[in-house]
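K.L.:
Sequence:
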Amino acid sequence: MKVKRALISVSDKTGIIEFAQSLELFGVEILSTGGTAKALKDAGLKVTDVSEVTGFPEMMDGRVKTLHPKIHGALLALRRNEEHINQLKKHNIIPIDMVVVNLYPFAKTIAKSDVTLEETIENIDIGGPSMLRSASKNFEDVVVVVNPNKYKEIISELKTNNCEISYNTKRELMVEAFEHTAAYDTMIYNHFSKLFKKDDAKFPKILDVKFEKVQDLRYGENPHQLAAFYKYKELNISEPCISSAVQLHGKELSFNNILDANSSIEIIKEFDMPAATIIKHTNPCGTACADNIDEAYRRAYDADSLSAFGGIITLNRKLSKKIAEHISSKFIEIIIAPDYDTDALEILQKKKDIRILKIAGLESKSKTVLGFDIKKVVGGVLVQDRDVMDIDISSLKVVTKKTPTKAELEDLFFAWKVVKHVKSNAIVVAKNKQTLGIGAGQMNRVGSVKIACEQAGDKAKGSCLASDGLFPKADNIEVAAKFSITSIIQPGGAKEDENVISMADKHNIAMVFTGMRHFKH
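The sequence shown runs 34 to 554 under the working numbering.
I should point out that these hints are in silico values taken from the structure, not numbers from a laboratory.
Just so you know, even glycine gets a beta-carbon here, dropped at the ideal spot from N, CA and C.
Hints are supplied without guarantee of correctness; some may be wrong.
Simulated restraints on C-beta separations [as the list claims (entries may be wrong)]:
1. Asn182 - Leu228: 29 to 35 Å
2. Lys74 - Tyr265: 21 to 27 Å
3. Asn182 - Met34: 22 to 28 Å
4. Gly68 - Asn180: 50 to 56 Å
5. Arg550 - Met93: 52 to 58 Å
As a list, the in silico DMTMM-like pairs of lysine to aspartate or glutamate whose alpha-carbon atoms are at most 20 Å apart [said to hold, decoys possible]:
6. Lys391 - Asp372
7. Lys456 - Glu254
8. Lys284 - Glu328
Required output: the full structure, derived from the provided sequences and hints.
P.N.:
Have a look at this one:
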């Protein structure tokens with residue numbers, strides 16, 4: 034069936050003038066409402082107001098425009114049903130063959146800091162979703178369009194097929210329309226469930242979160258697993274993150290690349306001063322801060338150059354030619370930075386497969402967006418706050434006879450920021466704002482202490498040690514003492530705290546408690 038009559042009512046007017054002009058060239062009659070009708074008329078198009086069709090003016094400040102049998106009957110009538118066609122004729126209803134609708138900008142409205150409840154409510158679209166649902170229910174007879182990016186494709190098909198749209202295209206457009214309305218309703222529900230929730234009801238009774246597919250991936254964690262990458266559909270993501278990355282060069286990201294890149298980005302967001310980190314299997318193998326980014330990178334790489342092979346490098350300053358020259362002779366999977374020197378980019382792009390990502394906003398300690406951390410389990414999800422709570426150096430509680438020096442406190446604070454991003458049980462040995470040894474994911478804490486200290490080796494002398502969780506026994510301190518660790522930061526709160534503190538005093542080790550732990554599973 035040819036498209037003879039189209040109803041256009043859009044909030045996002047991107048490309049709508051050109052689309053309507055093309056429809057007019059095909060002889061399609063255009064119906065419209067409100068601001069859309071005005072925009073089309075101002076562009077010189079012949080437009081029939083919906084009020085002329087319904088016999089009723091737009092009323093109640095535009096709340097009621099298209100909610101009428103002459104609109105929904107025109108959309109829902111089955112063209113191959115003789116009774117439906119007879120009823121259309123009896124009530125003087127002319128079929129509508131295409132609906133072009135996208136909805137009131139609810140997301141942009143609620144994103145405004147000064148938005149009122151009245152403004153929020155007035156940006157809940159009623160007529161638009163109703164028309165989309167009617168048209169989608171009758172998709173075999175009605176073309177339903179919600180995505181401006183599809184305008185050119187639709188015009189091309191109309192031109193090729195003598196003003197008709199194929200069944201397969203109509204089916205795809207129907208699915209996209211239902212996706213559009215489902216996401217819209219979810220956004221409204223989520224907003225008001227948070228706005229009007231009880232003081233003790235932080236987590237909603239029904240967690241309904243929408244994700245939009247960014248890309249299919251070659252495979253998942255392993256080649257036999259299919260995979261795809263999705264990002265939050267509703268949120269205007271202002272925080273620097275993997276979802277906002279721009280890829281400048283290299284192969285497409287893999288499942289594991291994205292996981293590792295996320296871990297790398299979250300570490301680098303902890304620091305204001307020039308910093309670099311290198312990630313393998315979501316754990317840092319080297320992290321360092323310095324007065325300039327070249328030095329920070331060198332120290333991060335030197336922290337564990339063996340593990341850096343095939344790793345992900347993330348910087349919080351523009352990547353320089355000097356760094357690029359060093360990387361050019363190494364096997365690195367991904368480089369992430371807020372920007373790149375032109376000559377540095379030229380050097381790196383000579384490596385065919387290396388992925389180069391640019392993420393704006395990494396230059397300073399990120400103001401993270403509060404939200405949920407969601408972890409999938411079979412049959413459900415676990416939901417918690419994101420672990421973004423910070424501490425101040427001045428809030429650390431010295432529990433030993435020895436008090437850390439200023440330099441030791443700064444190193445303890447640095448190590449504490451890093452250990453937060455290491456899989457538990459986690460231990461970080463560091464000095465001069467450089468990691469020297471990292472123990473991750475062990476089943477007992479003393480095992481992680483041994484791994485971190487042994488990795489640091491002779492460099493451990495005079496360094497600090499951070500633990501993401503409390504020390505259950507004093508044996509952890511004994512191991513640290515053997516490697517001449519001079520200061521320790523840990524949450525505290527164990528039954529054996531007195532023995533742990535006594536062991537630290539015995540070996541003249543300064544120890545501070547944070548009162549906070551950072552388990553990461």
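K.L.:
Each hint: holds or not?
P.N.:
Verification of the hints:
no., hint, verdict
1, Asn182 - Leu228: 29 to 35 Å, "holds, 32 Å"
2, Lys74 - Tyr265: 21 to 27 Å, "violated, 38 Å"
3, Asn182 - Met34: 22 to 28 Å, "holds, 25 Å"
4, Gly68 - Asn180: 50 to 56 Å, "violated, 19 Å"
5, Arg550 - Met93: 52 to 58 Å, "holds, 56 Å"
6, Lys391 - Asp372, "holds, 6 Å"
7, Lys456 - Glu254, "holds, 18 Å"
8, Lys284 - Glu328, "violated, 29 Å"
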